[in-house]
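Going down the list, the sequences are from chains A and B. Under this note's numbering, the letters of the first sequence match residues 1 to 286, in that order. Under this note's numbering, the letters of the second sequence match residues 287 to 559, in that order.
Take the hints with a grain of salt, since some may be wrong.
Claimed, not checked - Short derived list, chain A residues pointing at chain B, Cβ under 7 Å:
hint : residue
1    : Y59
2    : L70
3    : T72
4    : Y103
5    : A107
Claimed, not checked - Subject to a maximum C-alpha distance of 25 Å in a straight line, what follows is the list of computed DMTMM-like cross-link-like pairs (lysine to aspartate or glutamate):
hint : chain 1 : residue 1 : chain 2 : residue 2
6    : B       : K523      : A       : D132
7    : B       : K523      : A       : E181
8    : A       : K155      : B       : D422
Hints in this document: simulated from the structure, not taken from any laboratory. Note that the Cβ used here is the ideal one computed from N, Cα and C, for glycine as well.
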Amino acid sequence: MTLNLRSGIGGYLLVIALYSAYAVLVHGVSFRVAAPMQFEEQTVLPAPLQIFLYGGDRYLAANVELTRVLMTGAEITGSQQDIYHRLHRVVAELNPCHEDNYYIANALLAWAGGATLATDILRTATDCRFWDFVPPFFLGFDLYYFDRDFVEAKKMLFLAAERSPENSVGFRKFGIMMEAESHPDLSVATAYLRGEWEKTTDRKLKELLGKRVKRLEGLMALRNAQAEYERRFHKKLENPDEIFSQGLLSGVPSDPLGLGYAFVGGEFRLRELSVKGLRDTERWKR
Amino acid sequence: MSVNSLLPDFRLGFQLIAGAKSFALLGAACLALAGITFLAAQFSPRQPATVALDVGISVIRFLVPVVSLFLLQVLLSDEIERKTILLSLTYPRSRTRYVQERFLVTVVAALAIQIALASVLALTDIAAMSFGQPMDTPVGLGRQFVAVMALSYVDFLAIISFGLLLAAIATVPNLVVVGGIGFMVIGRSASSIIALLEREQSLVRGGEYFRGGLQWARWLVPDLASLDARMISLYAKWEFLPAATWQNVFAVLAYAAVLVTVACLIFERRQFE
Chain A
1 MTLNLRSGIG
11 GYLLVIALYS
21 AYAVLVHGVS
31 FRVAAPMQFE
41 EQTVLPAPLQ
51 IFLYGGDRYL
61 AANVELTRVL
71 MTGAEITGSQ
81 QDIYHRLHRV
91 VAELNPCHED
101 NYYIANALLA
111 WAGGATLATD
121 ILRTATDCRF
131 WDFVPPFFLG
141 FDLYYFDRDF
151 VEAKKMLFLA
161 AERSPENSVG
171 FRKFGIMMEA
181 ESHPDLSVAT
191 AYLRGEWEKT
201 TDRKLKELLG
211 KRVKRLEGLM
221 ALRNAQAEYE
231 RRFHKKLENP
241 DEIFSQGLLS
251 GVPSDPLGLG
261 YAFVGGEFRL
271 RELSVKGLRD
281 TERWKR
Chain B
287 MSVNSLLPDF
297 RLGFQLIAGA
307 KSFALLGAAC
317 LALAGITFLA
327 AQFSPRQPAT
337 VALDVGISVI
347 RFLVPVVSLF
357 LLQVLLSDEI
367 ERKTILLSLT
377 YPRSRTRYVQ
387 ERFLVTVVAA
397 LAIQIALASV
407 LALTDIAAMS
417 FGQPMDTPVG
427 LGRQFVAVMA
437 LSYVDFLAII
447 SFGLLLAAIA
457 TVPNLVVVGG
467 IGFMVIGRSA
477 SSIIALLERE
487 QSLVRGGEYF
497 RGGLQWARWL
507 VPDLASLDAR
517 MISLYAKWEF
527 LPAATWQNVF
537 AVLAYAAVLV
547 TVACLIFERR
557 QFE
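All chains, full assembly: derive it from the sequences and hints.
Here it is, written out as C-alpha cells:
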C-alpha cells in the first residue's frame, strides 16, 4: 500500500500522527535548568591570531579588545587582575600607542595591587608615544611609589620633564626628591639635595629645591637637638618642648613649605599632607 | 575616432553601475559609517576623536575594497556568466581594451566611494572632537588624513587587480568577491604576524618553523600592511610614516600592474562557450 500524500485527508493525518509521536517522546524528557555559569570569560587570543581574525587590521583588534576591558567594568579583585593584564598586554602588542590602554591599565591595575603588571604596559606606551609626557610620569610614579625603585623613577620623571616644557620644573623637582628618598640617612639626603640645588641653573627649580633643603635642614636641627638632649640628660626625650625650654634650640625651625614638623613615636618627623587613599609612607624614620 | 568612442566601455560600464539604487546604497553606507564612528567614540574615555577616526578608517578599508570587488563582479563576471560577453566582444575593439576599461570603471568608482566616505568620516570626527574634554593629542585631519587615504587607495588598487585576475579565470562569479577578500586578509596580515611572531618567542612553540614558512609569502603576496600608516593621522605625527613608503607604494603598484597584465593575457586567450 503506497502512501498517497496528494489526496487531501491522508497527508494531514500523517502529519498529526507524526507530531503526536514527537509530543509523546518530548513529554518524557524534563527540562534541566542549567546551573548558571560560574566562570568568567578568561580567553585572550594571542595577538598574531587576532590580526588574522580581524582581517589584517590590528588597530581594529586593539580597539575591540580594549572595549572588553571597559565593558567589564566590575570591581577589580585579585583574581581578575590576570585577565585584565592579559587584555591590556595584547592591546599593547597590537597598538602600542593606544592612549586609553595605558591610562586604564595604570588606573585599574596599578592602584589595585598589580603595579608591576602595569609597568610593562606603561613602558611600551612611553616608547611608542614619543611626544607624550603622561606615560613616563605614570611609570615614574608607579616605580617610586609601589616598586621603590628610586633611580629608575627619577630617570622616568626626567624623561617626562623633557617631553613637557610647561611641567619641566615640577617633574625634575619631583624626580630629585624621589632620588633623595633613596638615601636612608637624613644627612646624606640633605647633602644630595644641597648638591642638586647648587648644580641647577633653572631659577624656578632652584627656588623649589631651596625650600626643600631648608625643610630638611630644619629636621636635622631638631634631631641633632634631640640627640644632644639625650646625651646631656641621659633619658629619652618625651616632650619636645623641653628642647626649647632647655635652650638647645631657640625656636621651632621654620618650614618654608608651611607643613611643619611632628614628634611621633619618640622622634621628629616631617609632617606630610595626608591624602585620603594614599598609605602613609614613613620617610626618614630610619 | 570621435570622443564618444574614446572610452565607450567606460561609459557603458559607468552606466551599468551608477543607477539610483547605487547612490541610495552609497548614502546608506555613509550614514552607517557616521553612526558606527560616532558610537565608537563613546567607548573612549581619553581620546574619543582618535578612536572614532581609527574605527572609521577601519570601516573604509573594509567597505571600499569589498564594494569594488562586487562592482567588478557585476561588470565582468556577471557578463561572463550570462553569456552577454559574447555580444560585447563582437564590437571592434580588442579584448584587452574591454577588460581595461571595465577595470578603469571599478577603479574610478572605488575612488569616488572612498572620497565620499572619507568626507563623511572627517565631518563625523570633527563632531566627535566635542565629546568630553579637549584631547591632549589632537587628530590630524588635514594633509595627514589625505596621505592615509591615498596610501589606502594604493592598497585597494592591489586588491581590485587581484579581483580582476580572478574574474578573468573564474567560472563562478562569486569567486571574485570571496577570493578578493581572502587576498586582502592575507596581504594585510602577513607582515604584522611575522613581526609579532619574531617578537613573541615564547608565544608559539616552533615559531621559527611558522616564520620560515611565512617568509616566502612576501614574494607572492604584496605587503599591504605597510600601506596602513594611519598613525600619522591618529596622532598628527608625521614621524610615524615609514621610511620606505615610496618604495612600498611602487612595489604594490608594480604588483597590481603585473596582475592586470596577466588578467588581460588570460582574457585574450579565453574560450567562452
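What hint numbers does the structure not satisfy? Hint check: 3, 5 and 7 fail, others pass.
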